[in-house]
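> Produce the entire structure from the sequences given, and follow the hints as far as they go.
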Amino acid sequence: SMIRAMDTLGIEFGDPSEELQEKAAVVRAVDFESVTSFEEPYVSYIKELWEDSGIQECYDRRREYQLTDSAK
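The letter at position 70 of the sequence shown is residue 303 when you use this note's numbering, and the numbering goes up by one with no holes.
If you're looking for bench data, these hints aren't it; they were derived computationally from the structure.
Careful: at least some of the hints might be erroneous.
Below are the SDA-like pairs computed for lysine to any residue, each with C-alpha atoms no more than 25 Å apart in a straight line [unchecked claim]:
no., residue 1, residue 2
1, K280, Q254
2, K280, S234
3, K280, S267
4, K280, V268
Now the structure itself:
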């Protein structure tokens with residue numbers, strides 16, 4: 234996932250708040266290979282994380298790690 238790739242690439246979240254870190258931990262713990270649909274709070278957490286400048290930097294650097302074409 235992009236959150237794991239941020240660790241690998243040394244990218245920090247733009248919002249260093251503990252709240253965003255906790256949301257990232259919740260999303261990171263999801264086994265995306267077995268999920269068929271998303272519900273709250275995951276949907277709002279993912280949307281909030283997507284707006285973060287660190288996630289956007291990670292997306293811009295996607296050629297440096299494996300990211301599926303449908304990620305955006």
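> If a hint holds in the structure, say so; if it does not, say that too.
Right, here's what the structure says about each hint:
1. The hinted pair formed by K280 and Q254 meets the criterion: a straight-line CA distance of about 14 Å does not exceed 25 Å.
2. Restraint check for K280 and S234: satisfied, since their Cα atoms lie roughly 15 Å apart, inside the 25 Å limit.
3. Only pairs whose Cα atoms come within 25 Å are accepted, and K280 paired with S267 is accepted, the gap being roughly 20 Å.
4. Using a Cα cut-off of 25 Å, the hinted pair K280 and V268 holds, with the two alpha carbons roughly 17 Å apart.
The structure fails none of the hints (numbered hints given earlier).
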